[in-house]
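Chain by chain, the residues:
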Amino acid sequence: MESLDLHKISVRELNQYLHKELPNKNGVKKLEILNPDGMHSIAAGMDAPVDIDIKGHGGYYVGGMNKHANITVHGNVGWGVAENMMSGTVRVKGFASSAAGATGRGGTLIIEGDTSLRCGISMKGIDIVVGGSIGNFSGFMAQAGRMVICGDAGDGLGDSMYEAVFYVRGKIKSLGADAQEEPMTDADYAAVKELLGRAGFKHDPKEFKRVAGAKKLYNWNADANQEY
Amino acid sequence: MTKKLVLEESAGFDQKVIEYVHRASATGLYEIRGMGAKRHLPSFDDLVFLAGSASRYPLEGYREKCTTTTVLGTRFAKKPIELAIPITIAGMSFGALSGRVKEALGRAATEMGTSTTTGDGGMTPEERQSSKTLVYQCLPSRYGFNPDDLRKADAIELVIGQGAKPGGGGMLLGQKVTKRVAGMRTLPIGVDQRSACRHPDWTGPDDLAIKVAELREITDWEKPIYIKVGATRTFNDVKLAVHAGADVIVVDGMQGGTAATQTVFIEHIGIPTLAALRQAVDALEDMNMRGKVQLIVSGGIRTGADVAKALAMGADAVAIGQGILLSLGCNSSSYLHEGAHIDATADYNALGTAPGYCHHCQTGKCPVGVTTQDEELELRLEPLTGAKRVKNYLKTLNMELTTVARACGKSNVHHLEREDLVALTLEAAAMARIPLAGTDWIPGVSRF
Chain P
1 MESLDLHKIS
11 VRELNQYLHK
21 ELPNKNGVKK
31 LEILNPDGMH
41 SIAAGMDAPV
51 DIDIKGHGGY
61 YVGGMNKHAN
71 ITVHGNVGWG
81 VAENMMSGTV
91 RVKGFASSAA
101 GATGRGGTLI
111 IEGDTSLRCG
121 ISMKGIDIVV
131 GGSIGNFSGF
141 MAQAGRMVIC
151 GDAGDGLGDS
161 MYEAVFYVRG
171 KIKSLGADAQ
181 EEPMTDADYA
191 AVKELLGRAG
201 FKHDPKEFKR
211 VAGAKKLYNW
221 NADANQEY
Chain G
1 MTKKLVLEES
11 AGFDQKVIEY
21 VHRASATGLY
31 EIRGMGAKRH
41 LPSFDDLVFL
51 AGSASRYPLE
61 GYREKCTTTT
71 VLGTRFAKKP
81 IELAIPITIA
91 GMSFGALSGR
101 VKEALGRAAT
111 EMGTSTTTGD
121 GGMTPEERQS
131 SKTLVYQCLP
141 SRYGFNPDDL
151 RKADAIELVI
161 GQGAKPGGGG
171 MLLGQKVTKR
181 VAGMRTLPIG
191 VDQRSACRHP
201 DWTGPDDLAI
211 KVAELREITD
221 WEKPIYIKVG
231 ATRTFNDVKL
241 AVHAGADVIV
251 VDGMQGGTAA
261 TQTVFIEHIG
271 IPTLAALRQA
281 VDALEDMNMR
291 GKVQLIVSGG
301 IRTGADVAKA
311 LAMGADAVAI
321 GQGILLSLGC
331 NSSSYLHEGA
341 HIDATADYNA
351 LGTAPGYCHH
361 CQTGKCPVGV
371 TTQDEELELR
381 LEPLTGAKRV
391 KNYLKTLNME
401 LTTVARACGK
411 SNVHHLERED
421 LVALTLEAAA
431 MARIPLAGTD
441 WIPGVSRF
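First to last, the sequence lines map onto chains P and G. Position one of the first sequence corresponds to residue 1 (my numbering), numbered consecutively onward. Position one of the second sequence corresponds to residue 1 (my numbering), numbered consecutively onward.
Please keep in mind that the hints were generated in silico from the structure rather than gathered at the bench. There could be a bad hint or two in this list.
Said to hold, decoys possible - Example chain P residues on the side facing chain G (calculated, C-beta under 8 Å, incomplete):
1) H40
2) S41
3) R105
4) M141
5) N219
As the list claims (entries may be wrong) - Covered stretches of chain P (chain G as the covering partner; in silico rule of three or more C-beta atoms under 8 Å from a C-beta of chain G):
6) 16 to 22
7) 43 to 54
8) 118 to 131
Every residue gets a Cβ at the ideal spot worked out from N, C-alpha and C, and that includes glycine.
Assemble the whole structure, with the sequences as input and the hints as a guide.
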């Protein structure tokens, strides 16, 4: 396995290697990044099917806009982990700060600990599985995709959400505008089981409740008097 | 005997205000419309050039060389953009505009050696294929935003605000959210689509610097990164954009257009382009970054004279939106079909307006096929015809720009300077900090 040490090379050198040289190298399917020390944009813009282990804490935008790569952070991360991810997997063994998985379009983001504010904001198709709890205003304007929260959700969950679906095991402090709890169906139980399995979390899908958009904000003037 | 009619209009409650109150009381909704501010504002019209005479040496207007080459993104990007003219096409979305219009803009920009810009909703294949130089916007909504298109772009414009609506998000009404538009934006067909007013994954100037760095990392530091702000606290915003690592700063004044925004935003939020431009230049000069970070100004740029004045005040380039749409035929009484002019007046009337007054982009029923997603209406704009008209417009502006520059004795349009200008009104003199014509007086700076 190849090792890249951020005490010896810069993040810029690392990313340029990952983008330009790695895809052309035969045999390298797995590599580790040492001494990340909370640096930003580590392994951002990946576009190759490679397994990356980040041995420590990452800063903002770890795995940002990821395609194809499977990235594991053996520590905590800052804002915007896996923001706008397209495919692949990003797993955070620790905690994640704000805007985890923001605007993600595909792939799977797994956070084993808690996340802060606005997890899954404007998500557009990504699957997010959080082992712990999520902060306030998570899932704001969530358009598509699924989010499984094994712990609690904060204030304003799913405010102004569109077609995304959330599954919450713990307490929900409050729902945002247009978000509502709905009955779980067999399809929902199957989805939760599959997502928990993907993350490696052992919970009973029966413990989860479903939150989705009520779709009352889809047309802002629906109830307006149009006589004018 | 017929009684004499005495019709004294109230200054406070004039016909416009009466109409506003009647409309508001009938609908319970604020008005959403297209175009930009309609109120009178201090503008480039309030400045004039001094040009050459005995004390200055003019260049011959048609024959002597006058360079217009414009280079953007020299601060950090490995691949700065070189444009043939300092006039660019502003960001306008596929969704607000049809795919055919985006193609026309790309073709015209390419023929003129300048750039065009995507908008909310992402990049369409039509505009990428037709545009030699394409600027890709990163907006708060991130609709249609993806790393593949990011890498295909020639520059990235991180949009914080827009002159027509600083502090406000976008609104694309459901009639324009067709199957294709909805698919690109990952939204249900026909929803009244809102765009967020701020970015989802950063807050504040220090975060912005980290976001800019991430975009550079993803694109291997190749592409120039623009930061676009709607004109409000422009002096501070420009300084913060420089701090965040921008290669290019775009300042969009309140005359800037929109396809659909609340009238209260369009008319009452932001500052005029004239005032914003001076603040932006002051900020760059204060940081000794003039020329290192390029400045693009937009918002109500219409003519070659406007371009020349913007450059003289310190802009490196301008961006035009509304003027470009007008050149395509917006607000024209007819549209061109196979070389023939087809009258569209009845379609304007159906919208409750008339050619020359239309601001109904939000309806998606553009009578000349420019701001529409309607399959029949969009055919009213032929891409090749539209491209030719936009090209002609840009060419005219560039000719006016160079002829003014030559008259001022400049062999390069970027050599135009503030000393070439005087102001015709006190407001313009104060905002632009250009002396009132015939005096040395700059209100707030020098004594009369």
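Tested hints:
| no. | hint | verdict |
| --- | --- | --- |
| 1 | H40 | holds, 5 Å |
| 2 | S41 | holds, 4 Å |
| 3 | R105 | holds, 7 Å |
| 4 | M141 | holds, 6 Å |
| 5 | N219 | holds, 5 Å |
| 6 | 16 to 22 | holds (count 3) |
| 7 | 43 to 54 | holds (count 3) |
| 8 | 118 to 131 | holds (count 5) |
Taken one by one, the earlier hints all hold for this structure without exception.
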